[in-house]
Structure formats: structure tokens, C-alpha cells
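Residue numbers are given in the UniProt record's numbering: position 32 of the sequence shown equals residue 32, and the series is strictly consecutive.
These are computed hints drawn from the structure, not numbers from a lab.
Keep in mind that a hint or two might mislead.
27 Å max Cα-Cα, derived BS3-like pairs, lysine-lysine [claimed, not checked]:
1) LYS346 to LYS387
2) LYS175 to LYS630
3) LYS123 to LYS722
4) LYS293 to LYS265
5) LYS322 to LYS269
6) LYS638 to LYS458
7) LYS181 to LYS664
8) LYS664 to LYS571
9) LYS524 to LYS498
10) LYS200 to LYS638
11) LYS200 to LYS300
12) LYS388 to LYS175
13) LYS636 to LYS196
14) LYS661 to LYS610
15) LYS350 to LYS186
16) LYS633 to LYS498
17) LYS610 to LYS630
18) LYS291 to LYS242
19) LYS430 to LYS387
20) LYS200 to LYS664
21) LYS219 to LYS282
22) LYS181 to LYS242
23) LYS355 to LYS186
24) LYS524 to LYS344
25) LYS344 to LYS322
26) LYS636 to LYS666
Since this is a predicted model, take the numbers as computed values, not measurements.
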Amino acid sequence: MEPERQRSGRTLKKGRKRSRIPSKLVGAAVAMRSRWDLEEKQQPVAKKARLSTILFAENCEITHDQLCELLKYAVLGKSSFPKPSWCQLFHQNHLNNVVVFILQGLSQLHFYKFYLEFGFLRKAFKHKFRLPPPSSDFLADIIGLQKKQIIGNLPKAMEESLPSASSKVSINLQKDPIIQKYGSKKVGLTRCLLTKEEMKTYHFPLQGFPNCENFVPTKCNGSVTDNSPLFGLDCEMCLTSKGRELTRISLVAEGGGCVMDELVKPDNKIVDYLTSFSGITKKILNPVTTKLKDVQRQLKMLLPPDAVLVGHSLDLDLRALKMIHPYVIDTSLLYVREQGRRFKLKFLAKAILGKDIQCPDRLGHDATEDARTTLELARYFLKYGPKKIAELNLEALSSHQESQEPRNTAELVQQLNTSVLECLDSVGQKLLFLTREADASVLSSSQNCQTIKCLSNKEVLEQARVEIPLFPFSIVQFSFEPFSPNLTEEMKKRIKIKWTEMSTVYAGPFNKNCNLRALKRLFKSFGPVRSMTFVLETHQPHLCIQYEVLEAAQLAIESLDDILVEGSCIKVQRPVTELTLDCDTLVNELEQDSENRGTIYLSGVSETFKEHLLQQSSLFLGLEAVILPKDLKSGKQKRYCFLRFKTFSSAQRALSILTGKDWKLKGRHALTPRHLHAWLRGLPHESRLPGVRVIPPPLEQEALQMLKVDHPKIAAWHWGRKIGKLYHNLCSGTLCLILLPGTK
Numbered sequence: 001m002e003p004e005r006q007r008s009g010r011t012l013k014k015g016r017k018r019s020r021i022p023s024k025l026v027g028a029a030v031a032m033r034s035r036w037d038l039e040e041k042q043q044p045v046a047k048k049a050r051l052s053t054i055l056f057a058e059n060c061e062i063t064h065d066q067l068c069e070l071l072k073y074a075v076l077g078k079s080s081f082p083k084p085s086w087c088q089l090f091h092q093n094h095l096n097n098v099v100v101f102i103l104q105g106l107s108q109l110h111f112y113k114f115y116l117e118f119g120f121l122r123k124a125f126k127h128k129f130r131l132p133p134p135s136s137d138f139l140a141d142i143i144g145l146q147k148k149q150i151i152g153n154l155p156k157a158m159e160e161s162l163p164s165a166s167s168k169v170s171i172n173l174q175k176d177p178i179i180q181k182y183g184s185k186k187v188g189l190t191r192c193l194l195t196k197e198e199m200k201t202y203h204f205p206l207q208g209f210p211n212c213e214n215f216v217p218t219k220c221n222g223s224v225t226d227n228s229p230l231f232g233l234d235c236e237m238c239l240t241s242k243g244r245e246l247t248r249i250s251l252v253a254e255g256g257g258c259v260m261d262e263l264v265k266p267d268n269k270i271v272d273y274l275t276s277f278s279g280i281t282k283k284i285l286n287p288v289t290t291k292l293k294d295v296q297r298q299l300k301m302l303l304p305p306d307a308v309l310v311g312h313s314l315d316l317d318l319r320a321l322k323m324i325h326p327y328v329i330d331t332s333l334l335y336v337r338e339q340g341r342r343f344k345l346k347f348l349a350k351a352i353l354g355k356d357i358q359c360p361d362r363l364g365h366d367a368t369e370d371a372r373t374t375l376e377l378a379r380y381f382l383k384y385g386p387k388k389i390a391e392l393n394l395e396a397l398s399s400h401q402e403s404q405e406p407r408n409t410a411e412l413v414q415q416l417n418t419s420v421l422e423c424l425d426s427v428g429q430k431l432l433f434l435t436r437e438a439d440a441s442v443l444s445s446s447q448n449c450q451t452i453k454c455l456s457n458k459e460v461l462e463q464a465r466v467e468i469p470l471f472p473f474s475i476v477q478f479s480f481e482p483f484s485p486n487l488t489e490e491m492k493k494r495i496k497i498k499w500t501e502m503s504t505v506y507a508g509p510f511n512k513n514c515n516l517r518a519l520k521r522l523f524k525s526f527g528p529v530r531s532m533t534f535v536l537e538t539h540q541p542h543l544c545i546q547y548e549v550l551e552a553a554q555l556a557i558e559s560l561d562d563i564l565v566e567g568s569c570i571k572v573q574r575p576v577t578e579l580t581l582d583c584d585t586l587v588n589e590l591e592q593d594s595e596n597r598g599t600i601y602l603s604g605v606s607e608t609f610k611e612h613l614l615q616q617s618s619l620f621l622g623l624e625a626v627i628l629p630k631d632l633k634s635g636k637q638k639r640y641c642f643l644r645f646k647t648f649s650s651a652q653r654a655l656s657i658l659t660g661k662d663w664k665l666k667g668r669h670a671l672t673p674r675h676l677h678a679w680l681r682g683l684p685h686e687s688r689l690p691g692v693r694v695i696p697p698p699l700e701q702e703a704l705q706m707l708k709v710d711h712p713k714i715a716a717w718h719w720g721r722k723i724g725k726l727y728h729n730l731c732s733g734t735l736c737l738i739l740l741p742g743t744k
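Please take these sequences and the hints and turn them into a complete structure.
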């Protein structure tokens with residue numbers, strides 16, 4: 001991102017000046033990045049706008065609706081439209097233009113198949129993610145022209161601030177995380193309990209687990225039914241010389257009566273009363289003599305054997321109490337949110353129950369009020385069921401509340417129901433659509449769209465250079481000849497086989513009396529092994545190890561090649577086939593990919609690794625995400641992970657620490673982005689006999705088409721460079737999206 005002179009004041013063709021979107025910033029599917037120039041000399045340096053994506057779900061996919069929300073937010077800005085649910089935009093007021101490039105006929109398959117040819121996409125764009133299969137009119141989906149549906153009933157509780165609930169906007173209930181977890185029918189109390197696996201995942205104190213040795217069990221080990229009693233629990237804490245400690249506990253019974261409300265004197269010296277949250281001051285706590293052990297004893301006496309505790313982020317309360325309880329409902333997890341995020345208790349209280357809690361004019365939180373609120377939220381969920389909750393569309397309400405409360409429901413509904421074209425029209429602007437004549441679209445007939453049809457991709461490119469600076473929002477569509485179905489299937493198989501072969505290593509020779517168990521242990525230390533075979537075809541035995549991830553194979557090669565193992569100097573190398581001939585080049589390019597630059601791979605991590613990592617977070621500055629893959633069948637955490645950092649230097653420093661003598665892990669810089677893992681999982685397992693394979697005769701002619709200019713392989717290289725040049729000539733403050741929609 002080289003700085004250049006700001007050009008916003010230059011008069012453009014036809015006497016028009018470049019339009020400026022009266023809002024903020026925008027991103028894209030598959031690839032996104034913005035360019036920011038320096039202000040003119042007499043002005044201070046402009047802040048850089050940036051996009052931060054909230055960690056995607058395991059499949060790294062965003063929907064067409066989510067992409068549309070981002071585009072509309074770019075046009076109208078924070079003051080007029082809810083923030084996107086899946087990303088955050090910083091310093092948004094510098095956005096001038098949005099440009100969307102659509103490479104019609106290309107797909108995720110092409111991106112992986114021609115990875116080296118797509119140099120511009122993979123190097124310039126930090127954010128890449130998957131889109132679902134396109135419908136009959138992909139463009140209509142992403143700009144919101146097919147969204148004249150309804151959002152479901154807004155909560156009754158919101159009616160005071162949003163009085164008109166007659167208009168509704170539709171959401172896909174089947175994609176709502178609450179429906180995906182609980183189904184659409186009403187559920188009983190036992191279905192809402194956290195499982196032991198979930199309690200492990202969310203760091204609830206459990207018997208026999210690290211750091212829980214001195215925790216006291218509640219002795220509630222009765223049989224829980226749908227009629228078991230609920231108790232709302234909330235604790236307030238202060239900061240002492242030993243960390244956070246309990247200062248107040250409130251326990252509310254199912255009828256709403258408070259059965260326990262105690263102030264607690266911590267055992268260690270208090271360094272911060274956290275009054276703004278707890279409401280506790282030195283004056284309040286001075287006369288208190290109740291200790292933690294007194295509260296533990298009292299709680300054990302009060303709770304019946306089948307008691308179910310309800311709270312919001314209840315793991316923190318139980319840790320403050322230093323107690324273990326097996327039956328819990330956590331309202332921050334009960335009201336499931338996208339991408340693992342959680343709704344605040346204050347928001348749920350207002351949206352679901354119509355209650356105002358944790359008011360700013362009050363000193364700290366009221367623990368009894370919070371405990372009672374969590375209990376009411378649990379009862380509401382049990383009474384009305386998941387479908388009713390999903391219909392409230394809490395995600396949209398939360399996003400809107402975070403930006404600005406709408407004047408009424410009709411206003412919110414109207415915003416959610418508008419298309420990008422209508423958003424542009426509301427601020428007096430038009431959309432530019434450049435395409436080839438043969439590519440019909442619903443956009444072509446729109447009044448608020450300037451459509452320019454061209455005879456070829458070359459003409460589309462030439463028109464784009466001239467017209468893009470004149471419009472605040474442009475969609476530029478190129479069209480390419482797709483693979484035939486037969487060749488597409490062949491290419492999918494080849495990519496799967498290529499990745500398998502790149503993740504496979506041959507090691508040897510070994511002595512005939514070598515310790516096979518020790519060798520297996522050694523090679524498994526680099527990462528998860530899919531299969532390990534003892535090769536006896538050679539004079540001296542070799543091992544063939546197929547790893548699950550490319551990083552493990554690369555780490556084994558880098559660590560053991562030409563090293564003395566079991567008394568033999570061994571070679572560790574990949575199989576040589578036509579698919580691995582460019583393997584070294586590809587590995588190097590993968591390491592330089594913008595997505596991988598700040599990410600490291602680690603092998604040998606334990607189930608408590610994340611907890612230990614967070615406890616020593618001061619050592620790992622810039623840590624953005626901890627990605628812990630799980631076994632799809634058992635749900636258990638695998639013994640490897642990826643850590644993502646803000647910068648390459650932070651990642652390098654962390655790698656040095658974590659592979660040092662204190663942590664004893666093995667690792668290297670990452671090679672594979674998560675969206676590739678997700679894509680490969682969707683393909684059937686492919687394998688073949690060793691050796692170079694000749695292209696089957698029926699596909700010979702199609703293989704020769706590789707030399708044609710319009711073939712996707714050539715298009716990836718040729719047009720990637722052309723679009724790259726156009727991208728670098730875009731005016732400052734432009735954010736660019738590139739979409740490869742595919743066909744199925």
C-alpha cells in the first residue's frame with residue numbers, strides 16, 4: 001500500500017467529480033482489501049480504514065444475506081443502517097467508492113487449482129471466505145433485490161421503543177443458530193442443560209480438572225428431570241493480590257424470591273473494588289465478616305439434590321465461588337448467537353422481557369436483579385420454545401441497537417428490507433453495472449442502475465478504467481468459459497490427490513531391527529497422522545506417513561531430513577509425481593499468502609492448552625484467535641492448533657516461545673487457510689497407485705484447451721494481472737470485492 005497524492009479534488013471526464021459515499025467502508029467475499037492514500041500536504045495523515053472479520057464458523061462461509069448487509073451498510077453508514085453481524089469496520093468515514101468484480105464462470109475450485117496463477121488475489125487480499133452456491137440470479141441475491149420477505153415478530157418487550165410491529169421482514173429460520181442447536185419445537189429443561197463436553201469447552205470448573213483441586217462440590221447429584229427446581233445465581237467480584245475474588249452472592253428461587261444475598265470478605269488484600277461493576281465499596285465491605293467457606297457451606301445446605309443453577313456466564317460465578325455444580329443453564333449460551341459470540345444480559349433483558357437493568361445512573365450492578373433476570377430468561381425460553389426466539393431476530397436488533405435505535409419498527413423493517421439500489425437512491429446516487437451483452441441480469445432493467453453492455457471482457461476492462469471513478473458503487477462482471485462437467489470432476493479429484501500427496505512423506509532407510517513404536521511416536525509428534533505404512537519393497541525398510549495437514553508433513557521434512565534416527569541417517573521427502581513437481585514453489589507461495597503471514601501451526605497441544613495460553617497472554621501480544629480443530633465424529637479436540645496474530649513479527653515471537661524448552665511444542669508458520677480445509681473436507685477421499693499417471697485419452701483434447709486464451713488457467717493468470725493493475729489505479733478510499741460465484 002504505497003502512499004500517493006490524494007486526488008479527490010480532480011475534475012473527471014464529462015465535468016463530473018468523483019462521488020463520495022456519505023458513510024464508511026466495505027469488504028467482500030473471497031477477497032477484500034482497501035487502499036488508503038495520504039492526505040494532501042496541508043492536511044494531517046489520514047487514518048487507515050480496516051476491516052476486521054469476526055472469526056468465521058468452521059466452514060468459513062458467509063451467506064448472500066450477510067454480504068448484502070455489508071454492501072448496504074457501506075452505502076448508508078452507521079447512522080442509518082445496522083452494523084454487519086459478521087465483521088467490524090474501523091475508521092469508516094474515509095470510504096469514497098465500492099467496486100465489486102465478479103469473475104463469472106470461475107469458482108473456488110479454480111482458485112485452488114490455479115493458486116500460483118492467481119498471484120494478485122492471494123497476495124493483495126487478506127480476507128478470503130466461502131459463499132454458498134449461487135441461485136438463478138446471483139447478482140439479485142448479493143444486492144438484496146429478492147428480499148421482499150419478513151423478519152418475524154419483534155419482541156413484545158421492544159414495542160415501547162418500536163411501536164409498529166405490523167410490518168415484518170423475513171429471515172431463514174433454519175439457518176438461525178438457536179434452531180440449528182435446539183430444533184424448532186419446544187424443549188424441556190433437561191435439553192437446555194449444558195453437557196459435560198460443553199462445560200469443558202466453556203471452562204466450567206469440573207472435578208479432576210486442572211486448577212479445580214480445591215473446589216467444593218455442591219453435592220447435588222440427584223436425578224434431574226424437566227420438573228427440577230431452577231435457581232438464579234449471580235456473583236460480584238473484586239480484584240485482589242491473587243486475582244478476582246468473591247464479594248457478593250445472590251441466589252433467587254424459581255418464584256422470584258431471594259433466598260440468599262450475602263456480602264463476602266475476600267481472603268487476600270483488595271487492590272480494586274471494581275465498584276462500577278459490583279457496586280461494592282470499601283465502606284460497604286469493611287464490617288463484613290462472612291468468608292468464602294461460609295458461603296460454600298450455606299449454598300450446599302440450600303440447594304436440593306436436583307437443583308439447576310441458572311446464570312449469565314455462569315462459569316465465572318462458579319469459579320469465584322470455587323464450587324463445582326453439574327447441572328447448569330447459561331443464558332449467554334442458551335440464547336445462541338452466530339460465530340460463538342454472546343448477547344449481553346442487559347440486551348436480552350430489554351429485548352425479551354422488557355426490563356431495564358444495569359442502568360448507568362445506578363452504582364454498579366444489582367446481583368439479585370441480575371440473578372432474577374437470568375431465571376426469567378430461562379423460563380421464557382422453556383415456555384415459548386426456540387422457534388419463537390428465532391422469530392424475534394435478536395441478531396438484527398442487537399446490531400441495530402449497537403449503532404443507533406430506530407425511531408420505530410417500520411423504520412427498522414424498511415432498512416432491513418431495502419436493496420443496495422434503494423440505498424443508493426435514498427442518497428441520490430446510481431450504481432454502475434458493466435457486463436458483456438450476453439449476460440442478462442435483473443440489474444439491467446433497474447432505473448437506478450447505469451448498465452453498460454460490452455462485446456468482450458477486454459471492452460469491459462477498458463470501460464471500467466473510464467467509468468469506475470464516476471460512480472460511488474460499481475459492479476464489474478467478467479465472463480469466462482467454464483470447465484465441462486467431466487473435466488470439473490477430474491480437476492476436483494486431482495486437487496484432492498495433490499493435497500494428499502503433498503501431505504505424505506517417505507522416510508528412511510531404517511535398520512531392520514529399528515524400534516517401530518519409537519518411530520511412530522516420533523512422526524506423530526509433528527501432527528495428526530491419517531495412516532502410517534512400513535515399506536518393505538526396498539533393500540532397507542522405509543516408512544510412508546500420510547498426515548492430515550500439510551504443515552505436519554512440512555515440519556517432518558524440515559526437522560528430520562538428513563538427521564540420524566535410530567542409528568541411520570535418513571531422508572524424509574515427498575513422493576515425486578506429476579502433481580508434486582511444483583511442490584516446493586507452492587509451499588513457499590502458501591507461506592507468503594496474506595492469510596497465513598500472521599498464523600502459526602503447533603503440534604502436541606493438550607486439552608488445557610488454551611487455558612494455559614490465556615493465563616500467560618502477556619507473553620503473546622497481538623493474539624487474535626486460537627483455532628482448535630475437533631474430531632468431527634467424537635467432538636474431541638485434536639492435538640494441534642493454529643494461532644492467528646495481528647502481525648508477522650508477533651507470530652514469529654510466539655513461535656520462538658512456544659517451541660522453546662518451557663512449552664516443548666513443535667510448530668512452524670501456517671501453510672493452509674481454514675477455507676481450504678473446509679473445502680477439502682467436502683470432497684470425497686481420493687487415492688491412487690504411486691507413479692506418474694498419463695491423462696486419460698477422452699480428456700486429451702480438453703487438456704490441450706489449456707493453451708487457449710479463454711481457458712480458466714490462462715484467464716486466472718492473464719485477467720488476474722489485468723484486474724490487479726486496475727485495482728492499483730483505483731482512487732484512494734476504495735474498498736474492493738472480488739467474487740468467484742461458481743455454478744453449483
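Each hint, compared with the structure:
Restraint check: the Cα-Cα separation between LYS346 and LYS387 comes to about 22 Å, which is no more than 27 Å; the hinted pair holds. The hinted pair formed by LYS175 and LYS630 meets the criterion: a straight-line CA distance of about 22 Å does not exceed 27 Å. For the given pair, LYS123 sits about 15 Å from LYS722 by alpha-carbon distance, which is consistent with the 27 Å threshold. Pair hint LYS293 plus LYS265 holds up; C-alpha atoms about 11 Å apart against a cutoff of 27 Å.
Distance check on the hinted pair: LYS322 and LYS269 sit about 18 Å apart at the alpha-carbon level, within 27 Å; holds. A threshold of 27 Å between alpha carbons decides the hint, and for LYS638 with LYS458 the separation of about 49 Å lies outside it, so the pair is violated. Between LYS181 and LYS664, the direct Cα distance comes to roughly 38 Å. Violation of the 27 Å bound is thereby established for this hinted pair. With a CA separation close to 24 Å, the supplied pair LYS664 and LYS571 stays within the 27 Å bound.
Note on LYS524 and LYS498: the hinted pairing holds, with a Cα-Cα distance of about 22 Å set against a maximum of 27 Å. Restraint check: the Cα-Cα separation between LYS200 and LYS638 comes to about 14 Å, which is no more than 27 Å; the hinted pair holds. At roughly 23 Å between alpha-carbon atoms, LYS200 and LYS300 fall within 27 Å of each other, so this suggested pair holds. Between the alpha carbons of LYS388 and LYS175 the distance comes to roughly 14 Å, so the proposed pair stays at or under 27 Å and holds.
Restraint check: the Cα-Cα separation between LYS636 and LYS196 comes to about 12 Å, which is no more than 27 Å; the hinted pair holds. For the hint pairing LYS661 with LYS610, the CA-to-CA distance comes to about 18 Å; that is within 27 Å, so the pair holds. Restraint check for LYS350 and LYS186: satisfied, since their Cα atoms lie roughly 22 Å apart, inside the 27 Å limit. Taken as a hint, the LYS633 and LYS498 pair is honoured in the structure, with Cα atoms around 25 Å apart against an allowance of 27 Å.
In summary, the hint linking LYS610 to LYS630 is supported, as the alpha carbons are separated by about 14 Å, within the 27 Å threshold. As the CA atoms of LYS291 and LYS242 are separated by approximately 16 Å, the hinted pair is consistent with the 27 Å bound. Using a Cα cut-off of 27 Å, the hinted pair LYS430 and LYS387 is violated, with the two alpha carbons roughly 39 Å apart. Of the supplied pair hints, the one linking LYS200 and LYS664 holds, its CA atoms being roughly 24 Å apart against a limit of 27 Å.
For the hint linking LYS219 to LYS282, the alpha-carbon distance of about 34 Å lies beyond 27 Å, and the restraint is violated. The hinted pair formed by LYS181 and LYS242 fails the criterion: a straight-line CA distance of about 38 Å is larger than 27 Å. The hinted pair formed by LYS355 and LYS186 meets the criterion: a straight-line CA distance of about 24 Å does not exceed 27 Å. With a CA separation close to 42 Å, the supplied pair LYS524 and LYS344 exceeds the 27 Å bound.
About 24 Å separates the Cα atoms of LYS344 and LYS322, which keeps this hinted pair within 27 Å; it holds. Distance check on the hinted pair: LYS636 and LYS666 sit about 20 Å apart at the alpha-carbon level, within 27 Å; holds.
The structure fails to meet hints 6, 7, 19, 21, 22, 24 from the earlier list, while all remaining hints are met.
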